[in-house]
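**Student:** The task is simple: from the sequences and hints, build the whole structure.
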Amino acid sequence: MIKYRLICKDCSIQFDSWFASSNEFEKLKRGKFLNCHNCNSQKVEKSLMSPQLINSKKKSEKRIDIKKLNEVKKTIKSYQKFIKDNFIYVGDNFAFEARTIHYNNKKKSKGIYGRASNKDIKELKDEGIDTQIIPWIEDQDN
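Numbering (the working numbering), first residue to last: 20 to 161.
These are calculated hints, taken from the structure and not from any lab test. Even glycine gets a Cβ: it sits at the ideal position worked out from N, Cα and C. Please note: incorrect hints may appear among the correct ones.
Said to hold, decoys possible - Straight-line distance between alpha carbons at most 25 Å, and here's what the computed DSS-like set of lysine-lysine pairs gives: (1) 22 to 46; (2) 103 to 144; (3) 100 to 87; (4) 86 to 96; (5) 51 to 65; (6) 62 to 86; (7) 103 to 65; (8) 96 to 129; (9) 48 to 28; (10) 22 to 62; (11) 62 to 51; (12) 87 to 22; (13) 51 to 28; (14) 62 to 28; (15) 46 to 65; (16) 65 to 28; (17) 48 to 62; (18) 62 to 46; (19) 100 to 129; (20) 141 to 129; (21) 103 to 129; (22) 51 to 22.
Stated by the list, open to error - With beta-carbon atoms standing in for the labels, derived distance ranges: (23) 145 to 124: 53 to 63 Å; (24) 43 to 84: 29 to 39 Å; (25) 20 to 59: 23 to 33 Å; (26) 151 to 65: 23 to 33 Å.
**Tutor:** Right, here's the structure in full:
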């Protein structure tokens, strides 16, 4: 596959397009199958472009990004462990349980955690019930 930057000679718009090969571009051009998506003109030409070069800097940046991602995952996992050890899991009943605690003024020995939709979270906040959303990484054995 090859990507070309194309330019319309009528409306001067530039756009990118992918082709199977440079020969495929020429074949489509000769067959008048290329046209501008803006003005529908068939006066579409390749414009000057530089080849994309691979450098080691990008590879090292990816390694750093993966390292940062792993650090973030480790931090999230430690938060999850703390929550599992110190809060009661209520599953999909989170909104109901939060309202029960809030409106019945029952103080539980442990807080709760579970799942709720964005709509439920917004409604809880509108009712003055403090909730927090945290990212959750599912345990994977494999």
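**Student:** Taking the earlier hints as the rules, which of them does this structure contradict?
**Tutor:** Per hint list: 6, 7, 12, 23 and 26 violated.
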